Amino acid sequence: MAVGKITFTKTEREKLAEVLWLLNWISVVTGAILFGLGLFLKIEIQKWQEVMSEQGILYVPHMLITTGLAACGINYLGSKICLDCADTNKFLRWKLVMMPYIVCTFFFTACVLAGALMCYSVRSQLEESLYLGLRNTMRFYKDTDTPGRCYLKKTLDLLQIQFQCCGNADYRDWFQIQWVSNRYLDMTDSAVVDRVRSNVDGKYLMDSVPFSCCSTLSSRPCIQHNLSNPAAHAHYDEQSQQLNLWRRGCQQALLDHYTGIMQSIGLTVLLIWLFEVLLVLTGVRYLQTAMENVIRLGDPESESEGWILENSLAETACYNFNIIKNLGKCYQVDDDPNINVPTAAADREVPSHQVRVNVAS
Amino acid sequence: MALLKMKFSQQRRVRLAQGLWLLSWLAVTCGAFIFCLGVYIKIELLRRDEVMENTEIHVVPNLLMMVGLASIGANWVASRVCQDSLDPSRFPRWNVILLVWFAVATLLCCLLLAVVVLSYALQGRLEESLKVGLRNGIRFYKDTDVPGRCFQKETIDRLQMEFRCCGNNNFKDWFEVQWVSNRYLDFTSQEVKDRIRSNVDGRYLLDGVPFSCCNPVSPRPCLQYQLTDSRAHYNYEYQSEELNLYSRGCRQALTDYYMGLMNSTGPGVLSVILIQVSVILSMRYLQTAVEGAMALEAPEGESEGYILEKGVKETYADIREKVNNLLKFGQVDPASEDAGAEEGEKAAEAMEKAATPPPAS
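Those sequence lines, one after another, are chains A and B.
In terms of full-length UniProt numbering, the first sequence opens at residue 1 and continues consecutively.
In terms of full-length UniProt numbering, the second sequence opens at residue 1 and continues consecutively.
It is possible that some hints are incorrect.
[Unchecked claim] For each label pair, taking beta carbons as the anchor points, the in silico distance ranges come out as:
| # | chain 1 | residue 1 | chain 2 | residue 2 | range |
| --- | --- | --- | --- | --- | --- |
| 1 | B | Gly19 | A | Leu69 | 40 to 46 Å |
| 2 | B | Ser230 | A | Glu128 | 22 to 28 Å |
| 3 | A | Gln49 | B | Leu281 | 54 to 60 Å |
| 4 | B | Asn263 | A | Glu18 | 48 to 54 Å |
| 5 | B | Arg183 | A | Phe175 | 50 to 56 Å |
| 6 | B | Val277 | A | His257 | 45 to 51 Å |
| 7 | B | Leu281 | A | Leu274 | 28 to 34 Å |
| 8 | A | Ala114 | B | Asn62 | 52 to 58 Å |
| 9 | B | Leu22 | A | Ser124 | 34 to 40 Å |
| 10 | B | Asn182 | A | Gln164 | 56 to 62 Å |
| 11 | A | Ala114 | B | Leu113 | 56 to 62 Å |
For the record, the hints were derived by calculation from the structure and aren't laboratory data.
Predicted model, so just to flag it, every value in this text is computed and none were measured.
We treat Cβ as the ideally placed atom computed from N, Cα and C, and that holds for glycine.
Work out the full structure, taking the sequences as your base and the hints as a guide.
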């Protein structure tokens, strides 16, 4: 019992071929959109790649880019095939290519789905990567004279200004690292020496934050130093403290930013996948089976049937499973009557005696 | 001797009408482009409205918007004229409208040219407006509790961070203004009292700048206070420190930004002027060629097209005479009365002569 059997007349077949030609061209456009989305995501990630500890999440845009390019190519070929399918004679040219083409379409559609799901599943990896990356960047904030790290101060300052965030989880992260380089510390000053000595690792820690943590919404000039001691500042009440610095952590800010982008991209890719599967893939499969049946029947003008699967799902699964099961058995003995299988009777084999053949001269 | 006379066969007239129709639609698109340009520049100017004292510079985008709309209308009329141009029954009704059209189109070209000139000429006025606006913004920076001025702090902070500038001319403008509100000063502190007393107006002036002047590119954490005192900070030399704060003044930064914006639109506007001029010239040729063809006995034959019927000097003399006659219309002149009587006799003779030949023919 075939799955999804539909009968097609000649005109219906031609119409199907034309519609599929158009759908394939639309798929080329959606493939280009996929490519564009992947490129956009790659650029967005690379903008702030210095605050990420590893570039692992780049596999998501790379997958989208390759799938987009593959989609463009396969659907361009598909449009050529479908255009020729309207005519039975031209279809014969493509007969052998049809099955591989459908298999390729199926695979790249699966890749599109995988790309969409990746967009949603990458959040935890991104979170980890941002946490580690920001921690390292904050640690190397002061190393503006070390090659390879000299731009981290500028990057982190610009990040905090643009995303309106401070520190990793919040502004207190800055209290735990030394963000003022020793080059700018007067080691002869007793206050400095005391601070350095009071710390186990000999780091100069303060309860201050860099200027980029300052909020523009505050109604008073920014207070950056002596933050743990509100009494040190005139009229520094609770409301002033709330507005003074950015309250959000940069890990959260960046995570929200990228999750937002990837959710919209994931939604678009899912819609493209639905379009591909429901319209293009099923349409092409119907066209292929209908054309093959026409050739089998021999009469180009007659009606033919198209289906998605020749037998029911269970039978197709069994059939394919048997093929896989018997794959390795091609060199083994089987029921071929031409092969001489030694039976039990052969043990009692009588030694052959010479057979005299009279050669008639 | 007509100016720039050209011969037009029927086919050339048809080609001219078709080409002009396409050109006038192109000019409609250009008009839409000019309008959008005007809207964009206006929005950019309105965004920084708070630091500009007057709106004189707004004449540039206002003119662009007006000219854009008028040009869309005028060129649409031109395309309608082209459609009717080769139909002898419909073309004559456009005669008067064409006179008006030429005047309007020439006026539009002149206005566009004026816009290009103005965008250079108004630079000085823009700088003046910015100077006063920024000075007020810096003065009212501390007044976050005064209605009508409470937004100045946020505006100036965002402006300085976005345009990477500090103060009006440079960062020293902040030394002359009290930018810390009295609400946040501890009047019991000796340091505060000394500073206020040392100033004639009783203002709390300090050699410090707000956090938004800090340059993220600087290798050391930002120094905001005690900037003129080289001994206040370790390893700091006031005269030679360049990267700590933004060195550019905001007036210069904003002027450069707006001048850059308006200059980059210069080539676009000039090419639109060129297109409009070619539409005017082609329309004149079409009008004269079609009128010449309609006056011929064989409408399909060759006719002449020109820009001016007589040469430039003769046309100018003609126009001058017409204007003089118009001006003399109300005057009573004894010399011209006799001349008028003579002319009247001559006119009567001419009319008699004209009356006699027809019966003879």
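Hints, one by one, checked against the model:
1. Gly19/B - Leu69/A: 40 to 46 Å: This hint holds: roughly 42 Å between Cβ atoms.
2. Ser230/B - Glu128/A: 22 to 28 Å: Violated, at about 46 Å.
3. Gln49/A - Leu281/B: 54 to 60 Å: For Gln49/A and Leu281/B the Cβ distance comes to about 56 Å; the hint holds.
4. Asn263/B - Glu18/A: 48 to 54 Å: Holds - the Cβ-Cβ distance for Asn263/B and Glu18/A, about 52 Å, lies within 48 to 54 Å.
5. Arg183/B - Phe175/A: 50 to 56 Å: Violated: the Cβ-Cβ distance is about 27 Å, outside 50 to 56 Å.
6. Val277/B - His257/A: 45 to 51 Å: With Cβ atoms ~50 Å apart, the hint holds.
7. Leu281/B - Leu274/A: 28 to 34 Å: 56 Å, violated
8. Ala114/A - Asn62/B: 52 to 58 Å: Given a distance of about 54 Å, which is inside 52 to 58 Å, the answer is holds.
9. Leu22/B - Ser124/A: 34 to 40 Å: Since Leu22/B and Ser124/A have Cβ atoms about 58 Å apart, the given range 34 to 40 Å is violated.
10. Asn182/B - Gln164/A: 56 to 62 Å: At roughly 28 Å between Cβ atoms, Gln164/A and Asn182/B fall outside 56 to 62 Å, so the hint is violated.
11. Ala114/A - Leu113/B: 56 to 62 Å: Taking Cβ atoms as reference, Ala114/A and Leu113/B lie about 59 Å apart, which means the hint holds.
Hint violations for this structure: numbers 2, 5, 7, 9, 10, all remaining hints satisfied.
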